[in-house]
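Single-letter residue listing:
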Amino acid sequence: MGKPILEVNNLRVSFKMYAGEVQAVRGVSFTINKGEVLAIVGESGCGKSVTAQTIMRLIPSPPSYIKEGSSILFDGKHEISKMSERQMEQVRGAEMGMIFQDPMTSLNPTMTVGAQISEGIRKHQKLSKDAALKRAAELLTLVGMSNADERIHQYPHELSGGMRQRVMIALSLACNPKLLIADEPTTALDVTIQAQIIDLLRDIQQKTDTSIILITHDLGVVAEMAHKIIVMYAGKVVERGTLNDIFYNPRHPYTWGLLRSVPRLDSDRNNDLDSIPGTPPDLYAPPVGCAFAARCPYAMQICKEVDPEHFEVSADHSSACWLLHPDAPKVDMPVGVGRGSHG
Amino acid sequence: MLKYVLRRFVYMLITLWVIITATFFLMKLLPGNPFGEVAAKLPPENLKLLKAQYGLDKPEWQQYLQYLGNVLQGDLGVSYQFPTRSVVSVIKQSFPASLELGIESLIIAIIIGLALGIIAALKHGKWQDNTAMFIALVGIAVPSFVIAPLFSLYIGNKWGILPPGLWEGPEHRILPAVALAFGTIAILARMMRASMLEVASLDYIKTAKSKGLSTSKVVTGHMFRNAILPVVTILGPIAVGVITGTLVIEKVFVIPGLGYQFVSSITTLDYTMITGLTIFYAAILIVVMFLTDIAYGFIDPRIRMSGRR
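Residue numbers (the numbering used here), protein chains in the order written: chain A, 1 to 343; chain B, 1 to 309.
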């Protein structure tokens, strides 16, 4: 693994709403190196998409704003949080690409696929219209679409969901970005298509050595691709580690819950699926202590009063849970976790 | 695309036929006599002659077929009120002024209305938005029979900047066209603003931004074309309303247009004139809707393609 491509430090993002301030992201830090795939997992509303879109500054401001003390250092030289809109235009598309969740709505219905892909190429690489279209056709071939020369003249509604997501991937790769952010790239697709898209992403990642931030709540997808994982809950990172750390030696009760809630083929069909009881906290007024305490079966008094710092398990692996404190009672991992369980 | 256009064209003809038929029989259902009070004073044999002259002695289905045949040949009949003038000649004489005024005012309205709407949407919630929407509110709230006389009185008469009325040189066009455009500007600005705001929140705008496009490129390349669709839909009927002449503006600025003819034909119960003008209006509306449909097909590939099936 090479040098760091993106260093996010104590990122805090809030939305100023009529009813008050929503603290969507509350101090997230992570690093991703060149050629690495980092997965951000967590349930809906935990701040993973906001984190990702903030890295590209795609969330309109107002109402969102990046709070003081946050730092997003890209490629060792660009401080994203301080850049002007004009400077961002040079970074977006050229050095960072983004793949969105729903390919049905993320392509412009009134523009041909080729025009949409070549737009970014023409802006960043100053190519002529024809040369850019040719490059667009090459990209479509790269993402596994046949008849690319005809495809570039088609409109999104003439393509299936999987095809559109391929177009989206081609579009995000158009200028060979150093970092690709994939925001739930498979969530809106059929299971069989999901596998194809993940294979494609992994293939491209290995060929081009692009760093990828993969945002998902699908642990199967994570297991297929990720090198490192951060688990987010209520706008914070609750556990970070390598793929093996998180799947075989998870330390945070929330991670346990996530892993247990994956349906398994060998489980008894008459039993209910495991789920984490309760709902995430209200981010208008986040709790003082650990945000997960209210839903945590192992919560102690201190969990409700003081928010835990990260405890190191190993060099790459840490978890923000009081159970890891030397004085805490020893709790064993529940059954069904830690065997690399994924669907 | 050709198939789509052809299909629209056939629909257009059917609609026109339905309107001719409906108008014709509705006129027959009207109580009263096409010859007004004169009929009561005429001897019965004279009245019979008069009816024969207009073909009113035949059964109604025959009259209908004959009328339909005449309309197909472009003959809308002779005015009952002025037997020397055919309906077609009245249209030929009055329509050009209404059409010209309408088109001029439409161009003004589209340019200003869309610009206001786009500015308001891009500066959503800021003072530019509030100003644009205030102008739109005034445009809707103040009717043309207030704006037109004020224009004529102040700009035309008191300050003498532009002629207060009549229909001669280009300088005579400005005041009525602007006065007529006011309401349309308001409608278009509001529609465009709402439509732009809706499009701005869609995913593909984020995609466009993620490519590194500048805001102006995103607006012109991605938002405008998608946002204009609903506006084009209402533009058709609005255009017809503006083109076919408005009584108020024509009266205030003394313009020899069709709006005036239509109203006077109703007050004088000139049946052929009412039927003829109704069919003419309907025909224009249908043609404009036809053009709107085609424009739609050009803007939105999804509509173009569905016509192919």
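Please keep in mind that the hints were generated in silico from the structure rather than gathered at the bench.
A couple of the hints might just be wrong.
Said to hold, decoys possible - Straight-line distance between alpha carbons at most 25 Å, and here's what the computed DSS-like set of lysine-lysine pairs gives: (1) 3/B / 28/B; (2) 126/B / 16/A; (3) 3/A / 126/A; (4) 126/B / 67/A; (5) 82/A / 217/B.
Claimed, not checked - Far from chain B, by Cβ distances over 12 Å, these chain A residues were calculated: (6) 97; (7) 103; (8) 191; (9) 199; (10) 330.
As the list claims (entries may be wrong) - Beyond 12 Å from chain B on every Cβ pair, some chain A residues (computed): (11) 69; (12) 102; (13) 108; (14) 111; (15) 124; (16) 168; (17) 181; (18) 202; (19) 269; (20) 278; (21) 286; (22) 294; (23) 295; (24) 324.
Cβ coordinates follow ideal geometry from the N, Cα and C atoms, glycine included.
Query raised in the report: Should the label of residue 97/A as a non-interface residue stand, given a Cβ cut-off of 12 Å to chain B?
Result: violated, 7 Å
Query - Closest CB of chain B to the CB of residue 278/A still more than 12 Å away - result: holds, 31 Å
Query raised in the report: Far enough from chain B: is every CB of that chain over 12 Å from the CB of residue 324/A?
Result: Holds: least Cβ distance 38 Å, greater than 12 Å.
Requested in this report: Decide, holds or violated, for the assertion that all CB atoms of chain B are farther than 12 Å from the CB of residue 124/A.
Outcome: violated, 6 Å
Query raised in the report: residue 294/A: least C-beta distance to chain B exceeds 12 Å?
Result: About 33 Å separates residue 294/A from the closest Cβ of chain B, which puts it past 12 Å; holds.
**Report entry** Verdict on residue 103/A as a residue remote from chain B, using beta-carbon distances over 12 Å
**Finding:** violated, 9 Å
Query raised in the report: residue 295/A clear of chain B by more than 12 Å, beta carbon to beta carbon?
Result: Given that every Cβ of chain B is farther than 12 Å from that of residue 295/A, nearest at about 31 Å, it holds.
**Report entry** Given pair status - residue 16/A, residue 126/B, alpha carbons within 25 Å
**Finding:** holds, 16 Å
Query - Hint consistency between residue 82/A and residue 217/B [alpha-carbon to alpha-carbon, up to 25 Å] - result: This hinted pair holds, its Cα atoms lying about 23 Å apart.
Query - Separation of residue 181/A from chain B, once the least beta-carbon distance is taken, above 12 Å - result: At about 9 Å from chain B, residue 181/A fails to clear the 12 Å cut-off, so the statement is violated.
Query raised in the report: Does residue 202/A sit more than 12 Å from chain B, CB to CB?
Result: holds, 21 Å
Report task. Mind verifying the non-interface call on residue 269/A? Its CB should be farther than 12 Å from each CB in chain B. Result -> Check passes; 37 Å lies beyond 12 Å.
Checked against the numbered hints given earlier, the structure breaks hints 1, 3, 6, 7, 12, 13, 14, 15, 16 and 17 and satisfies all the rest.
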